[in-house]
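Chemist: From first to last, the protein sequence lines are chains A and B.
Just so you know, my numbering puts 205 at position 202 of the first sequence, and the rest follows in order with no gaps.
Just so you know, my numbering puts 288 at position 285 of the second sequence, and the rest follows in order with no gaps.
Warning: the hint list may mix true and false statements.
[Stated by the list, open to error] 25 Å max Cα-Cα, derived SDA-like pairs, lysine to any residue:
no. : chain 1 : residue 1 : chain 2 : residue 2
1   : A       : K56       : B       : G422
2   : B       : K419      : A       : I38
3   : B       : K99       : A       : T39
4   : A       : K36       : B       : T78
5   : A       : K192      : B       : G87
6   : B       : K17       : A       : R197
7   : A       : K36       : B       : A71
8   : B       : K247      : A       : Y200
9   : A       : K36       : B       : L86
10  : A       : K60       : B       : E326
11  : A       : K36       : B       : L103
12  : B       : K254      : A       : E138
13  : B       : K51       : A       : F40
14  : B       : K99       : A       : I38
15  : B       : K95       : A       : A37
16  : A       : K59       : B       : E326
17  : B       : K17       : A       : H203
18  : A       : K45       : B       : T442
19  : A       : K192      : B       : L103
20  : B       : K91       : A       : Y200
21  : B       : K99       : A       : K45
22  : A       : K36       : B       : H96
23  : B       : K51       : A       : R197
24  : A       : K45       : B       : Q45
25  : B       : K17       : A       : I38
26  : A       : K36       : B       : G406
27  : A       : K192      : B       : L47
28  : A       : K60       : B       : R423
29  : B       : K91       : A       : R197
30  : A       : K192      : B       : K95
31  : B       : K17       : A       : L201
32  : A       : K192      : B       : G24
33  : B       : K365      : B       : G338
34  : A       : K59       : B       : E424
35  : B       : K95       : A       : K45
36  : A       : K36       : B       : G87
37  : A       : K59       : B       : K419
[Claimed, not checked] Listing some non-contacts, in silico: residues in chain A with all C-beta distances to chain B over 12 Å:
no. : residue
38  : S10
39  : K11
40  : K45
Worth flagging that the hints you see were computed from the coordinates, not collected in a lab.
Using N, Cα and C, we set each Cβ at its ideal position, and we do this for glycine too.
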Amino acid sequence: MNASSISKVSGRGIPVRGNDIDTDRIIPARYMKAITFAGLGKYAFIDERLDEKGNKKGHPFDDPRFAGASILIGNKNFGCGSSREHAPQALRDWGITAVIAESFAEIFAGNCTAMGIPVVTVSEADAVALAEAVEAAPATEIAIDLKAERITAGAKSFSCAAPHAYRNALLDGSWDSTGSLLEGAEEIKRTASRIPYLNHFQTA
Amino acid sequence: MGKNLLNRVWDLHKVRTLASGQDQLFIGLHLVHEVTSPQAFQMLADRKLPVLHPERTFATVDHIVPTASQHRPFTDTMAEDMLGALEKNTKKHGIKFFDLASNNQGIVHVIGPELGLTQPGMTIACGDSHTSTHGAFGAIAFGIGTSQIRDVLASQCMAISRPKVRKINVFGKRKPGIYAKDIILKIIASLGVNGGIGYAYEYAGEAISALSMEERMTICNMSIEGGARVGYVNPDETTFEYIKGRDFAPKGEEFDRAVAFWRSTASDPDATFDDVYDLDVSSLEPMVTWGINPGQAIGVSDHFPRLSDLPLEYREVAHRAYEHMGFSEGQTIKGQKIDVAFIGSCTNSRISDLREAAKIVKGKKVAKSVRALVVPGSMRIANQAKSEGLDEIFREAGFDWRGAGCSMCLAMNPDKLNGREICASSSNRNFIGRQGSPTGRTLLMSPAMVASAAIAGEVVDVRARL
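Pulled out of the complex, with its shape left as it was, chain B reads as follows (with noise of 0.2 Å):
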């Protein structure tokens, strides 16, 4: 029987199994930002540990910094210090920083893959949890908390026990209009918000293969909002050509064994899983959340779900959600009034995303009543957009065109909703408060659905629109 792609890499970085039963595991890439690090940084100080591997590790700013002018000093103080903390640690310890003045900086889950630094076959550990994205290359990445930092920072390694793994074949051809964020949403609504629990999900089939490195991270970013720690994709002639060229990307000679390499991680043909689970993405329908959790995500012509049609388990949550939302079940989305248009986030802010929302605008202007914003996932996103003359759509349409940073995804940044705002979003979650509003209101959809929203006034099926 042949290997899945995850036990292969498990295999090759397991460095032995600890007394509890975990696994030490080799970490072989580590991303730092400055919200879930300094108090890492500062337990290594109060254990006088150093960093293992300094130069297996990178940082960036991305959480808190304003998108709107990012000159420093911030006006925020707080946010300043969280910077300026970052800057301190990286410098103490050696770690390369991508910082504001470095043209590199933007959302951590963006710039690795961009500079080259998510590779196949690779185990990859960030303080985040949508680190699962850098699974779209076939590496095994992992969200992890403050302590887990602590413990790979001083010894690369994390003590962790192997997930089981479920292979999501998804085949079909998808129609115009059906973007990748369709699809992951599909997955989650279908599989539920807790159904990868213990699991790492494997996205294959046609459908996933004939996907770009940046759809693919759209699908492998939002595996932990289905429960699924880690997801991933095997490599392909796709992710080679995307890693090829870029800064950290193996040169010449050492590219060709690098492919060689990547190429052998891959699943095999007859691979085992512990589960499989089948999805047809030809009828596929943009789709779109109605609650508080991704999971709570329907067709964009679907009716909401009545309570007594859910299972018992999802009714108190559903309830819950139609009570935050002023929604009712029976309902539909389409013609819902936005109050604002959010582009960007790691899920959703790569230039294919910006690409296709700019096709929806162009020449157009943003409703009235609507604030709509774009923040390109990283400088180097902002600058290529601009050299194709993306930001001038935006603004000429009405859209504030910002620096790069996480932004409207989680508002620990200027960027948020007031009271109960209603907001078309290209993000993860439309947990309560999520935006920065506790009363403030999400609905998930592609970047070219809230391009559409934006321009409507409200949720509109963008497949009339291409």
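Okay, chain A solo, but in the shape it has when bound (with noise of 0.2 Å):
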């Protein structure tokens, strides 16, 4: 299956701030059980935005100013934690269509490009200036320019950067890797004939 490119996304933003958001945090284990991905996205930050009896508790999620919104904004180390990709699995199906921070971890961010999600990174000065661009005024319409690693966000313009595999991989819409890993079928052969463990160890 040949992917699409993805070279530009633009929308509202909506700022998640504090360093080290985990995935535990972006979606509870308890909402994990299930055998599809659909309609994660009621639970994403749940017990960030809801206290014990339900009561809204102020995130970001349920701010009406960012209704509709589909670029969050974080800081340090986002989507550390468990694999699960039912954490961008969730932010996606509540509408999240890109995720700019300072840093990424690994796992979700490589997560995040193998569903067609940009992260891109910003300075620690630039995060703050878009997370309060954002909170003055809402309606700013942010845009990611892949290419030219460069976001907008209305007037103003900010440097980003993406490890150059994730940035090549959504540019050349081979995001979706499976494909590309099969056009390799003779290549894989030849590797697993000299795997030692996978011919008796009697490979030279």
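Both chains are given apart, each in its own frame, so use the hints to dock them into the complex.
Modeler: Structure representation (structure tokens):
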């Protein structure tokens, strides 16, 4: 299956402040009891949003100013912890199409990329500036240009970065990697034939 | 200049460079469990793709199994559905499934090594971040998400960039009462929960060589808590001795050839690294976490950090941690009352963990206010423990003795905290809500420290109870 090229993502922003926001916080394990990813959006950040009695605690995901926003703005080490793809799946189901942060946990960044969700990093100062811009004017249109590695937010412009392989995979449409991996069928066989433990340890 | 193990194993498994610039890496062993795989099997079905190497793929059920009674069908119908899906998918694709009827079921990162599936020089993937555990054998083992599980099922490969390697040189002789768990908590506290992003950690040095395989697994298991997706220890005689005779281990002459290969994968004495970090464990204390990530850990007699003493970037999370935990700056952890004591998880549920904990509790009673449970990592460990009478020691002391599973580490099953309960836990994550209650609180520590806390009803220094 060929994925489509993703070079530009735009939409309104939603800041979720804090370092080390782990995937248990993005979606607690008890909501992963399912055999599909359908409908996970309503559980995104659920324990951060509601108290024990079900009252809203004032999380950005419940803030009407950010309703319909699609670009999440985070801080350091966003998505750390569990490898659960349920976390980016929940964010996407809620409406998130890209994440901007100071840094990302590796497995989370890989999961997002494999789903076609760009994750780009900005400096600490720019993460703060972007969050403040969005909080001051939630209607601000944010645009991420992956090719140019620029983010615009209204009249402001910021540089951003993404690991080159992730950026390339999104730009050339190979982020859904199954197809390109299978294209290497002959090389896969050749590799397997030289790996000792697949050949009774009889390879050279 | 010499080569390190990561680069050597990577080169052996590299299929080609993809257009994106990532490497296509062959995965020698794929482990599958019920939580992160059903969607991947569905994606395969949607694309009408087969599993390329079902004989290199093995499954078990661990996250959702109840540990009090494992009779089917489970009371929890969603858990039953997830197990049903795994049964159906493994049967359809001819994948070996170590299910509850097999006597080999257990936490995926416990049974891989136990069955001899995990071997040096392999690449291993599993849809679970604690896959780094298998690095204890000198394998390169990754936690992956569901889309990547799909990739590995379909192509036995994944698209991934080669990490840098940081050698963590651990030296000094640890004192009695100091365990592998304390070493890894100290490493994470020192390098930070995001210090390992972009790196694989090579754990080396005399203090690592001296560890048993089970202790090495505890260390590698928590690599991801320091941000390193991969952690490994170079294979040595301890490794080979552990593997010998296990179900899936090579036998006879093949074993000798295997050892030669395994030995050849280790980092060269003059291997180069992208970074080196030294840690002296001779004065290490039992470590306990005080916050909401595994890097927020201190020695049992240390004082909690003052916000003003912390680097700016740590303050916000520390503030949040004090708020959630109900702790204050400057206090100590000793004497902190606990409600629950949990011995289990892929970090610390192996036979040596249970033996150490049993030594502490033998002939004593769990404090009246404490709910205590022991959850062996696998059916085999449970049976081994029973044959040694450990289950009786725990039961007599007032612990619940359970069946194998992930249990209260992540509470996808009936074992969870209630309300603001505070749990002394041998698991790997103290994230907010991790143990099933959004307001619940977790103190990570070694199994022996958990056992001591269970008896005392509060956090104590295990060294005083040995």
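Chemist: Evaluate each hint against the coordinates.
Modeler: Cross-check of the supplied hints:
1. A:K56 x B:G422: 12 Å, holds
2. B:K419 x A:I38: Distance ~22 Å between K419 of chain B and I38 of chain A Cα, so the pair holds.
3. B:K99 x A:T39: Holds. K99 of chain B to T39 of chain A sits at ~23 Å (cutoff 25 Å).
4. A:K36 x B:T78: The given pair, whose Cα atoms are some 13 Å apart, holds under the 25 Å limit.
5. A:K192 x B:G87: Violated, because 33 Å separates the two Cα atoms, which is more than 25 Å.
6. B:K17 x A:R197: Holds - the C-alpha atoms of R197 of chain A and K17 of chain B are around 11 Å apart, at most 25 Å.
7. A:K36 x B:A71: Roughly 19 Å separates the two Cα atoms, so the pair holds.
8. B:K247 x A:Y200: With a Cα-Cα distance of about 15 Å, the restraint between K247 of chain B and Y200 of chain A holds, given a limit of 25 Å.
9. A:K36 x B:L86: Between K36 of chain A and L86 of chain B the Cα gap is close to 11 Å, so the pair holds against 25 Å.
10. A:K60 x B:E326: 15 Å, holds
11. A:K36 x B:L103: 19 Å, holds
12. B:K254 x A:E138: It is violated: about 64 Å lies between the C-alpha atoms, which goes past 25 Å.
13. B:K51 x A:F40: Holds. K51 of chain B to F40 of chain A sits at ~19 Å (cutoff 25 Å).
14. B:K99 x A:I38: OK: K99 of chain B and I38 of chain A at ~20 Å, within 25 Å.
15. B:K95 x A:A37: With a Cα-Cα distance of about 20 Å, the restraint between K95 of chain B and A37 of chain A holds, given a limit of 25 Å.
16. A:K59 x B:E326: 18 Å, holds
17. B:K17 x A:H203: With a Cα-Cα distance of about 20 Å, the restraint between K17 of chain B and H203 of chain A holds, given a limit of 25 Å.
18. A:K45 x B:T442: Status holds; Cα separation ~20 Å.
19. A:K192 x B:L103: 34 Å, violated
20. B:K91 x A:Y200: 29 Å, violated
21. B:K99 x A:K45: Since the Cα atoms of K99 of chain B and K45 of chain A sit roughly 35 Å apart, the hinted pair is violated (cutoff 25 Å).
22. A:K36 x B:H96: 23 Å, holds
23. B:K51 x A:R197: 29 Å, violated
24. A:K45 x B:Q45: 22 Å, holds
25. B:K17 x A:I38: 32 Å, violated
26. A:K36 x B:G406: Since the Cα atoms of K36 of chain A and G406 of chain B sit roughly 20 Å apart, the hinted pair holds (cutoff 25 Å).
27. A:K192 x B:L47: Holds. K192 of chain A to L47 of chain B sits at ~20 Å (cutoff 25 Å).
28. A:K60 x B:R423: With Cα atoms ~17 Å apart, K60 of chain A and R423 of chain B stay inside 25 Å; holds.
29. B:K91 x A:R197: 33 Å, violated
30. A:K192 x B:K95: Measuring from Cα to Cα gives roughly 23 Å; hence the hint holds.
31. B:K17 x A:L201: With Cα atoms ~15 Å apart, K17 of chain B and L201 of chain A stay inside 25 Å; holds.
32. A:K192 x B:G24: Holds - the C-alpha atoms of G24 of chain B and K192 of chain A are around 21 Å apart, at most 25 Å.
33. B:K365 x B:G338: 22 Å, holds
34. A:K59 x B:E424: Within the cut-off at roughly 22 Å; holds.
35. B:K95 x A:K45: 33 Å, violated
36. A:K36 x B:G87: 13 Å, holds
37. A:K59 x B:K419: 24 Å, holds
38. S10: It holds; S10 of chain A is separated from chain B by about 14 Å at its closest Cβ, greater than 12 Å.
39. K11: Holds: least Cβ distance 18 Å, greater than 12 Å.
40. K45: 16 Å, holds
In the structure shown, a violation is registered for the earlier hints numbered 5, 12, 19, 20, 21, 23, 25, 29 and 35, in ascending order.
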